[in-house]
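*Asks:* When you get a sec, could you build the whole thing from the sequences and use the hints?
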Amino acid sequence: MIKKILPANQTIQEEMQLIVTKPHNDWAQFPKSDIPILPVIDCHFSTKKYGNHNNTESVFFSKSNIYSHSGRYAFSQALEIIDIDPQCSVLIPSYHCLSMIAPVFWTGADIQFYKLKKDLSIDVVDIENKISPSTRAVVVVHYFGFPQNLSRVMEICKKYNISLIEDCAHAFFGTMGAKKIGGSGDFAIASLKKFFPVADGGVLAVKGNMDKKPYQTSLKIVTQLKYMINLLEESVLNKRLESIKIIFEVFRKLRHQRQHSDEKELVDFDRELSDFLKIQSWFDPDQKTKKISRLSKYIVENSNIGRICTMRRENFSYLLKHFNRLKPVTPLYSTLPQNIVPYMFPLVLKNPDTDFIKLKKKKIPIWRWEELCMSDCKTSRYYSKHLIQLPCHQSLKKYELDAIVQAVKEL
Numbered sequence: 001m002i003k004k005i006l007p008a009n010q011t012i013q014e015e016m017q018l019i020v021t022k023p024h025n026d027w028a029q030f031p032k033s034d035i036p037i038l039p040v041i042d043c044h045f046s047t048k049k050y051g052n053h054n055n056t057e058s059v060f061f062s063k064s065n066i067y068s069h070s071g072r073y074a075f076s077q078a079l080e081i082i083d084i085d086p087q088c089s090v091l092i093p094s095y096h097c098l099s100m101i102a103p104v105f106w107t108g109a110d111i112q113f114y115k116l117k118k119d120l121s122i123d124v125v126d127i128e129n130k131i132s133p134s135t136r137a138v139v140v141v142h143y144f145g146f147p148q149n150l151s152r153v154m155e156i157c158k159k160y161n162i163s164l165i166e167d168c169a170h171a172f173f174g175t176m177g178a179k180k181i182g183g184s185g186d187f188a189i190a191s192l193k194k195f196f197p198v199a200d201g202g203v204l205a206v207k208g209n210m211d212k213k214p215y216q217t218s219l220k221i222v223t224q225l226k227y228m229i230n231l232l233e234e235s236v237l238n239k240r241l242e243s244i245k246i247i248f249e250v251f252r253k254l255r256h257q258r259q260h261s262d263e264k265e266l267v268d269f270d271r272e273l274s275d276f277l278k279i280q281s282w283f284d285p286d287q288k289t290k291k292i293s294r295l296s297k298y299i300v301e302n303s304n305i306g307r308i309c310t311m312r313r314e315n316f317s318y319l320l321k322h323f324n325r326l327k328p329v330t331p332l333y334s335t336l337p338q339n340i341v342p343y344m345f346p347l348v349l350k351n352p353d354t355d356f357i358k359l360k361k362k363k364i365p366i367w368r369w370e371e372l373c374m375s376d377c378k379t380s381r382y383y384s385k386h387l388i389q390l391p392c393h394q395s396l397k398k399y400e401l402d403a404i405v406q407a408v409k410e411l
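Under the working numbering, the residues of the sequence shown are numbered 1 to 411, in order.
Do not take every clue at face value.
As the list claims (entries may be wrong) - No farther apart than 27 Å at their CA atoms in a straight line, the calculated lysine-lysine pairs in the DSSO-like style are these: (1) Lys378 - Lys193; (2) Lys193 - Lys213; (3) Lys361 - Lys193; (4) Lys288 - Lys213; (5) Lys291 - Lys220; (6) Lys207 - Lys194; (7) Lys291 - Lys362; (8) Lys398 - Lys32; (9) Lys297 - Lys226; (10) Lys409 - Lys239; (11) Lys361 - Lys22; (12) Lys117 - Lys397; (13) Lys409 - Lys118; (14) Lys239 - Lys361; (15) Lys297 - Lys212; (16) Lys327 - Lys193; (17) Lys327 - Lys239; (18) Lys288 - Lys117; (19) Lys226 - Lys179; (20) Lys291 - Lys194; (21) Lys32 - Lys397; (22) Lys321 - Lys358; (23) Lys194 - Lys398; (24) Lys207 - Lys118; (25) Lys130 - Lys378; (26) Lys291 - Lys226; (27) Lys297 - Lys358; (28) Lys297 - Lys239; (29) Lys22 - Lys117; (30) Lys239 - Lys118; (31) Lys321 - Lys213; (32) Lys409 - Lys350; (33) Lys363 - Lys398.
Read the hints as simulated data drawn from the structure, not as lab findings. Since the model is a prediction, treat every value here as computed from it, not as a measurement.
*Replies:* Structure (C-alpha cells):
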C-alpha cells in the first residue's frame with residue numbers, strides 16, 4: 001500500500017520517483033525510431049470507405065461523455081465524481097503505466113495494488129482480500145484491447161458498494177459477450193491518442209446520471225493551432241502527407257529567421273511546443289480542467305472507424321503469424337478473437353538484457369513499462385523487463401511492419 005505524504009516543496013513527480021522501480025535502460029542512448037509508435041495523420045484517416053470489420057461500436061461515442069485533455073485527466077474526473085479524498089483507498093493493478101497512478105496521488109488517497117496472472121487477467125481473490133472499509137474504487141485495465149472477465153469483480157463491487165472503473169486506454173473498441181468494452185463498470189476511461197491520430201484527448205463515460213459534472217475550460221486558440229502544426233509536422237517527418245512537406249520546410253526556415261530577429265519570442269514558442277511533446281509529465285493540475293482541442297474532436301468524429309478496426313486486426317495478425325514460432329520471443333496472446341480491436345502487440349522477450357537493446361539500436365519502436373510502483377506481484381516485476389509493446393496501428397505501412405518482423409527474427 002502507498003500513502004501519499006507530500007511535503008510542500010516536493011512535486012508529485014519527485015515523490016513518485018521515490019517509490020517506483022528504476023528503468024532497466026537509459027532510453028536516451030537509443031536512436032529515434034523512423035516508424036511511428038502511435039497513429040499519425042495520413043491520406044486514409046477520414047475516407048468513408050469502411051473496412052470489413054463490423055465491430056466498430058464503442059461506449060466512447062455517446063454524446064453524454066466528457067471529453068478532456070487526456071486519459072489521465074478523464075481518470076481524475078472519475079475520481080472527483082466519486083469524491084475520492086485522503087480518507088479513501090483505490091485498488092489498482094500492479095502492472096500499470098505511471099500516468100494511471102498520478103491522479104490518485106493527487107487526491108491524497110491510499111493506493112492498494114492487486115496481483116495479476118501470467119496472461120494479465122485479474123486475480124479476483126487478491127482483489128477481495130485487499131478491500132478495506134476505506135476502499136472506494138477498483139480500477140480494471142483491459143490490457144492491449146483484450147477484455148477482462150468482470151463478472152466476479154462486479155459482484156464484489158456491488159457487495160462492498162465500491163465503484164468499478166474500467167480503464168479502456170487500450171480498448172476503445174471491442175466487446176465482452178453482449179456488452180461493449182467499457183459498458184460494465186460505473187465509469188470507463190479512454191485515451192484517444194492511442195487509437196486516433198490526434199494531439200490530445202481523453203474520454204470519460206459515466207453510467208447513469210451525474211450529480212455533478214466536472215468543471216472544464218477551453219484551450220487557447222494559439223495552443224490549438226500549435227497542436228495542429230505539430231500533428232501535421234509529425235506526419236511529414238514520418239513520410240506521410242508528403243505533398244505538404246514543402247510547407248514545413250518553409251515554416252522551419254521562418255522559425256530560424258525569427259531566432260535572429262526575436263530570439264526570446266522564439267525560445268518561448270519552442271519551449272511550449274516541446275512541453276506538448278513530453279510523454280511523461282505525470283500530472284499537471286492546470287490540465288485537469290482542459291477540454292479536448294477542437295481539431296482532435298473533429299478528427300475522432302470524422303475518422304474511418306471501419307478502417308481503424310480492420311487494419312489494427314490485420315496488422316496484429318500479421319505480426320502474430322511471424323512471431324508465433326520464434327524461440328527468442330513469445331506473443332502474450334496466441335490468438336486474436338473476433339471481438340477484439342488491439343492497441344499494441346505485446347511480446348515477451350526471453351533474453352531482455354540483450355534483445356531489448358538490439359531492437360532499440362535497430363530503431364524499432366518499442367514501449368516497455370519499466371517504472372512500476374513497488375508491489376508483491378511477481379508477474380508485474382517480470383513483465384517490467386520481459387514484456388515489450390510493438391505497434392499494430394492503422395497508420396503503419398507494409399514495409400514498416402516487415403522491418404519490425406525482420407528485426408525480431410534476427411534476435
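*Asks:* Now tell me, hint by hint, if it's right for this structure.
*Replies:* Hints versus structure:
1. Lys378 - Lys193: 30 Å, violated
2. Lys193 - Lys213: Holds, at roughly 24 Å.
3. Lys361 - Lys193: With Cα atoms ~25 Å apart, Lys361 and Lys193 stay inside 27 Å; holds.
4. Lys288 - Lys213: 13 Å, holds
5. Lys291 - Lys220: Since the Cα atoms of Lys291 and Lys220 sit roughly 10 Å apart, the hinted pair holds (cutoff 27 Å).
6. Lys207 - Lys194: 23 Å, holds
7. Lys291 - Lys362: With Cα atoms ~38 Å apart, Lys291 and Lys362 exceed 27 Å; violated.
8. Lys398 - Lys32: 20 Å, holds
9. Lys297 - Lys226: 15 Å, holds
10. Lys409 - Lys239: Measuring from Cα to Cα gives roughly 25 Å; hence the hint holds.
11. Lys361 - Lys22: Answer holds: Lys361 to Lys22 is near 21 Å, not above 27 Å.
12. Lys117 - Lys397: 34 Å, violated
13. Lys409 - Lys118: 24 Å, holds
14. Lys239 - Lys361: Holds: Lys239 and Lys361 sit about 21 Å apart, inside 27 Å.
15. Lys297 - Lys212: Between Lys297 and Lys212 the Cα gap is close to 23 Å, so the pair holds against 27 Å.
16. Lys327 - Lys193: 33 Å, violated
17. Lys327 - Lys239: Since the Cα atoms of Lys327 and Lys239 sit roughly 33 Å apart, the hinted pair is violated (cutoff 27 Å).
18. Lys288 - Lys117: Violated. Lys288 to Lys117 sits at ~33 Å, over the 27 Å cutoff.
19. Lys226 - Lys179: 38 Å, violated
20. Lys291 - Lys194: Holds, because 18 Å separates the two Cα atoms, which is no more than 27 Å.
21. Lys32 - Lys397: Distance ~18 Å between Lys32 and Lys397 Cα, so the pair holds.
22. Lys321 - Lys358: 22 Å, holds
23. Lys194 - Lys398: Measuring from Cα to Cα gives roughly 20 Å; hence the hint holds.
24. Lys207 - Lys118: 31 Å, violated
25. Lys130 - Lys378: 17 Å, holds
26. Lys291 - Lys226: 16 Å, holds
27. Lys297 - Lys358: 38 Å, violated
28. Lys297 - Lys239: With Cα atoms ~24 Å apart, Lys297 and Lys239 stay inside 27 Å; holds.
29. Lys22 - Lys117: 23 Å, holds
30. Lys239 - Lys118: 38 Å, violated
31. Lys321 - Lys213: 46 Å, violated
32. Lys409 - Lys350: Satisfied, since the Cα-Cα distance of roughly 13 Å is no more than 27 Å.
33. Lys363 - Lys398: Roughly 16 Å separates the two Cα atoms, so the pair holds.
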